[in-house]
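Visitor: What follows is each chain in one-letter form.
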Amino acid sequence: MAGGTRTGSLLSGTEAPAVHFENVGMRYGMGPEVLSDVSFEIAPRSFQFLTGPSGAGKTTLLRLILLSVRPTRGLVSVFGEEVSGISNEALTGLRRRMGVVFQDFRLLDHLTTYENVALPLRVQGRSETNYRAEVVELLRWVGLGERMHVLPPLLSGGEKQRAAIARALIARPELLLADEPTGNVDPTLARRLLRLFMELNKLGTSVLIATHDFGLMDLIDARRLVLGDGRLRIEE
Amino acid sequence: MAETGAPPRPAPAASPASASEPSLPATLRRNAPLVPTDTAASRALAAVIAILTFLAALCAGAAEIVATSAGQWQGAVAQEVTVQVRPGPGRDIDADVTRAQEIAKAEPGIAETRIFSKGESERLLEPWLGSGLDLSDLPVPRLITVKLASSPAPDLKALREKLTEALPGVASLDDHALWLQRLSTMANTFVGIGIGIVALVLAATGLAVVFATRGAMAGNKEVVEVLHFVGANDDYIARAFQSRFFRLGLRGGAVGAGAALLVFALAGVLARISRSGPAGDEIEALFGSFQVGWRGYFLIVLIGVIASVVTAVVSRITVRRFLSW
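Chains H and R, in that order, are what the protein sequence lines are. So for the first sequence, numbering that gives the first Met the number 0 puts the first residue at 0; every next one is plus one. So for the second sequence, numbering that gives the first Met the number 0 puts the first residue at 0; every next one is plus one.
Hints listed in this document are in silico derivations from the structure and should not be mistaken for laboratory results.
Just a few of them, taken from the derived set where beta-carbon distance is under 10 Å, the chain H residues facing chain R:
(1) G92
(2) V122
(3) G124
(4) A167
(5) A170
Just so you know, even glycine gets a beta-carbon here, dropped at the ideal spot from N, CA and C.
Please work from the sequences and hints to get the whole structure.
Guide: Take a look at the structure:
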């Protein structure tokens with residue numbers, strides 16, 4: 000069931016979807032299927048929420064898109080590339096086109112806020128002089144200009160959240176995946192972050208926000224991918 | 000990285016903080032390693048590498064001392080040959096000895112000859128027969144030591160033939176070849192054992208690094224995962240671990256090799272001091288001057304460097320294998 004899908008990659012002159020799932024099933028080990036027959040697409044420059052109760056498989060779905068786990072069955076394509084048997088180099092190339100905000104931030108505690116945010120550029124081999132102004136600008140933009148030398152354990156939950164978002168955005172991703180990005184911030188900041196994601200989307204980034212905050216989702220009219228009992232329903 | 004076509008970032012003008020635009024500091028990075036340095040585990044690994052390097056350097060130094068001493072002994076022995084003149088029935092041994100000396104002296108490449116007197120020859124038997132005995136009735140062979148010149152090279156084969164021809168069944172030439180061969184075999188065996196032990200110790204260093212790297216990978220699983228998610232490839236991550244372990248290896252190797260250098264330097268000083276004492280002759284006979292020399296010191300430093308390089312290479316290979324499972 001791929002409501003609103005378009006197999007753009009098969010048509011000349013149209014862009015491949017950022018993500019394409021076809022009858023994807025996923026189980027961990029010999030356990031029950033966490034996801035069953037999931038089919039959907041994320042179109043370029045689209046904005047959508049991924050929602051569902053806790054344990055419904057939202058994080059697993061994000062991990063499948065991030066290519067950190069392989070599906071048990073079905074077909075997963077990212078940026079038009081089918082990922083089964085993909086080489087490590089190609090995998091790295093695809094990941095560099097994505098930005099991800101983890102639910103638990105995943106900031107590296109031994110690096111400063113500045114170093115954490117600069118990480119995606121540093122691993123690309125860019126010199127610090129080349130990206131310093133860019134990183135500082137983004138840190139100021141998310142309100143962490145005065146906290147750039149601080150190590151993550153000394154940041155508040157909201158500051159960590161913003162640092163994680165800045166890290167996801169610094170390399171100008173074509174696809175942004177955010178797992179509960181407003182889970183640790185007050186409603187005012189949550190709305191501000193949502194506006195940030197919408198602005199990014201307007202500039203061309205495909206955005207997928209996993210959340211179970213209906214208040215947040217009700218703020219904008221966007222497509223909703225609803226997970227329940229391992230199956231996906233799409234509300235346009 | 001597909002920079003082209005990537006969306007631009009939202010305009011910074013939206014930020015209230017960007018209005019003032021304070022100047023940027025020269026650098027904001029502290030050159031912090033990407034892989035956190037677990038001080039307890041790192042110290043333990045550096046200590047293990049230091050101990051193993053120390054042991055390997057001791058073995059290498061000891062093998063070097065044996066090789067040098069054996070070389071000195073061989074050099075000293077090879078500069079001298081012995082002519083043995085046996086008493087025969089109805090022969091004047093003193094005349095035979097004189098004749099043998101004349102033959103030796105006439106040969107080119109002979110620097111000096113010296114006849115061991117009858118008394119000196121008998122004294123050589125004292126360790127076996129005891130002192131105070133009358134050995135005049137025993138047919139004790141007489142010896143002539145022949146010192147060889149470095150130039151022109153002596154032809155020992157011709158000398159042997161001349162002695163056999165002039166004094167058949169009486170005079171013989173001993174060029175110590177058998178003894179030299181045994182000495183050479185013994186020295187080579189010691190050096191071989193030393194090389195084997197150094198190789199084993201370096202292999203043990205490698206294995207210790209494999210376990211430490213796997214432990215570090217397991218302990219930093221989240222860091223590795225984050226690095227992957229932000230676009231680092233396996234080689235980049237392997238380099239990050241390699242850089243960390245190379246620094247540890249360098250520290251351990253430097254401490255181990257430094258300690259070994261200190262031990263050999265101290266041992267050399269102690270040997271020089273004790274040489275003046277009663278045991279000095281025995282020590283010098285066994286170990287020569289107990290100096291490892293520049294070649295030995297170079298070997299020890301080289302082992303420290305090899306231990307560091309082994310640490311770096313093994314950690315890189317381990318990370319690559321760990322990531323590609």
